[in-house]
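Participant: Given only the sequences and the hints, what does the whole structure look like? Please build it.
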Amino acid sequence: MNWAVNTPWALTGLLLALLPLLNSGMRTSPAPWTALIPADTLSAFVVCCLRLCAMAAIAGLVLGIAGLHRTEQSRERIGHGAHIVLLLDRSSSMDNTFAGRAPNGSDESKATAARRLLTEFVNQRQTDLIGVAEYSTSPLFVMPLTENKNAVQAAIAATATPALGFTHVSKGLGMAISFFEQQPVTGSRIVLLVSDGAAAIDHDSELKLREWFRKQQVRLYWIFLRTAGSPGIFDQPEDSRDDNAGAMPELYLHKFFQGLGSPYQAYEAESPDALKQAIADINRLENLPMHYVERIPRQDLSTTCYSVAALLLLVLLGVKFFEVKR
Amino acid sequence: MNKTLKDYRTWCLLLALIAMLVLFLYPSKQQKTPTYNYTFIIDITRSMNATDYQQDNEAVSRLHFVKQTLRELLRALPCESKVGLGLFTERRSTLLFEPLEVCSAYTEIDTAIGKVDWRMAWAADSNIAKGLLSTLDMLQKSDSSVIFITDGQEAPPVNPNYQTDFSSVKGQAKGMIIGVGGLQAVPIPKFDSLGKQTGFYSHDDVPHRSSFGQSNLDPSQIKGYNARNAPFGSEAATGNEHLSALQETYLEKLAAESGLAYTRLTGLQNLNQALQNPKLATEKLVQTDIRRQPALFALLLLCLVYLPKPPKYRLLS
Chain A
1 MNWAVNTPWA LTGLLLALLP LLNSGMRTSP APWTALIPAD TLSAFVVCCL
51 RLCAMAAIAG LVLGIAGLHR TEQSRERIGH GAHIVLLLDR SSSMDNTFAG
101 RAPNGSDESK ATAARRLLTE FVNQRQTDLI GVAEYSTSPL FVMPLTENKN
151 AVQAAIAATA TPALGFTHVS KGLGMAISFF EQQPVTGSRI VLLVSDGAAA
201 IDHDSELKLR EWFRKQQVRL YWIFLRTAGS PGIFDQPEDS RDDNAGAMPE
251 LYLHKFFQGL GSPYQAYEAE SPDALKQAIA DINRLENLPM HYVERIPRQD
301 LSTTCYSVAA LLLLVLLGVK FFEVKR
Chain B
1 MNKTLKDYRT WCLLLALIAM LVLFLYPSKQ QKTPTYNYTF IIDITRSMNA
51 TDYQQDNEAV SRLHFVKQTL RELLRALPCE SKVGLGLFTE RRSTLLFEPL
101 EVCSAYTEID TAIGKVDWRM AWAADSNIAK GLLSTLDMLQ KSDSSVIFIT
151 DGQEAPPVNP NYQTDFSSVK GQAKGMIIGV GGLQAVPIPK FDSLGKQTGF
201 YSHDDVPHRS SFGQSNLDPS QIKGYNARNA PFGSEAATGN EHLSALQETY
251 LEKLAAESGL AYTRLTGLQN LNQALQNPKL ATEKLVQTDI RRQPALFALL
301 LLCLVYLPKP PKYRLLS
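Line by line, the protein sequences give chains A and B.
Take the first sequence: its position 243, counting from 1, is numbered 243 in the working numbering, and each next residue is one higher.
Take the second sequence: its position 190, counting from 1, is numbered 190 in the working numbering, and each next residue is one higher.
It is possible that part of the hints are untrue.
[Said to hold, decoys possible] Simulated pairs of lysine to any residue, SDA-like, Cα-Cα distance not exceeding 20 angstroms:
hint : chain 1 : residue 1 : chain 2 : residue 2
1    : B       : Lys29     : A       : Asp300
2    : B       : Lys130    : A       : Gly165
3    : A       : Lys208    : A       : Gly165
4    : A       : Lys208    : B       : Asp192
5    : B       : Lys115    : B       : Gln68
6    : B       : Lys309    : A       : Lys255
7    : B       : Lys115    : A       : Ser170
8    : A       : Lys171    : B       : Lys196
9    : B       : Lys130    : B       : Gln68
10   : B       : Lys6      : A       : Val324
11   : B       : Lys115    : A       : Thr146
12   : A       : Lys255    : A       : Asp300
13   : B       : Lys29     : A       : Asn6
14   : B       : Lys309    : A       : Thr146
15   : B       : Lys67     : B       : Asn272
16   : B       : Lys6      : A       : Lys171
[Said to hold, decoys possible] If you want the footprint, here are the derived chain B segments under chain A, 3+ residues with CB under 8 angstroms:
hint : segment
17   : 89 to 95
18   : 150 to 163
Hints listed in this document are in silico derivations from the structure and should not be mistaken for laboratory results.
These numbers come from a predicted model, not from an experiment.
Here a beta-carbon is modelled for each residue, glycine too, at the ideal position from N, C-alpha and C.
Facilitator: Shown next, in the form of structure tokens:
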């Protein structure tokens, strides 16, 4: 119970609630000698009640004016969900269609398709914490892990602005994993990498990424948006001379992810429908039990205060008509 | 009954009840209040690392100061205001997230601003005029005001022959250019790949003129001029481009050309004042709680009932 008021100084008005102690609020009728009136317990009780009513009415009004409310509460609950970091590729090629052309009326670009489907995905994951990171030549921190779905949607919507430079996936992954530092380990931790290309990862970064993935217990999903005619992640080299990370970065990145030792799943999407399928899969799989914090928004209590005060006023007014008429 | 009606207390209580009735019938009214919708575009080029701001007796970089001031500003903005964030480097900017309501997404915006880093730059040039134009172009359709925060240091310097033409956006965009940095030129720190400072940029590290296209000078005045092989002459360019200061006149010129306002960042107060520019505000109908007025009236009447009276009959001693 965290109670608070909007204007604390208004609480000084609570002193007014002492007034009914000084004055009964009733008409006085002259009596020759008050000691002659016999003591009446019932009367004393009624007067006491009426004074209390009046005090409560004054207090109710003052509290209402001060703006009494219950502050935002958080309650820990156990549900199903995950901590998900969306790692989005902002390289220029994302602005082309799946056919590798500039988008025209009928085909949407890979970025648009990803944006549309990710928006749906986020809407379906109500209890998850979702963060957003992007990368091109360098990683961009966009949105911390948050339960605020509006914020995540705003970050996804902002990818509608033109894409940036090249693909530097290792730095992006590093940034995505850093989101989980200082986060409790509960439910599953997922990095959802959405990209349309790959790049060779240098040896030092490989070592670091291996360590970080293991330490943070992160599961990796890679949705590879394959452009028609370009090499895929599952393609084997036709010529042994092409069997290196420089010539086939997608295959080698895939191999590296497989060797990470943490759960990893790759999807190769060649059309918006395949992308939709991949997202539906993740939606179905990643529902481990986890602790999450439910926010109970701030509750306004001034209406209650005013209602109580109004009711008591009605009682006081009613009682007025029962006063002894002499 | 007659006596009850003659009693002023009855009337006070009745009026108080009527006031409460009014309170429940008309709890709020629509009021026009100014709300703000800003998209902050922060320059993250290297010159923003120059340390010419003071905070708690410590020299801090321009970027750090900008971040700190924006985070403080976030707390000062009224609810219902919206804030978006973008970064500028090279010739263009990118949007990190679209404007979000400040009260419900305070932590998210605050964290995102705190994480802005010069290493997020995807390329290293700094062509502010082009960046500003592309930003205004990109955000033309949104109803957010562009707040472009930069020190005005172009790298490499712009050739006056190839100036950006703002005529396509002039008058349509609303927003402001915020100049950051001191007026005294200071060296720009240099960092290695691990982010450790390794000294400052020296004279030989940076280009002192743009060698794109043709020179703006008359060929007869250029030493060693050759139209094909040396359009800028044979002499090495010299200049102070390795030092950086706030280019106020340049930014004022850009502001005038693009139809934006200009102000210099000195602290939270001046930024807050500049941003409360009525041109940037949109009047929005907001439901405001007006229950206080009838409640106060009822409270007054109720107190009147119980106000202690001066004793009428004195005790004789």
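Participant: Please name the hints from earlier in the document that this structure breaks, with their numbers sorted from lowest to highest.
Facilitator: 3, 6, 9, 12, 14, 16 and 18
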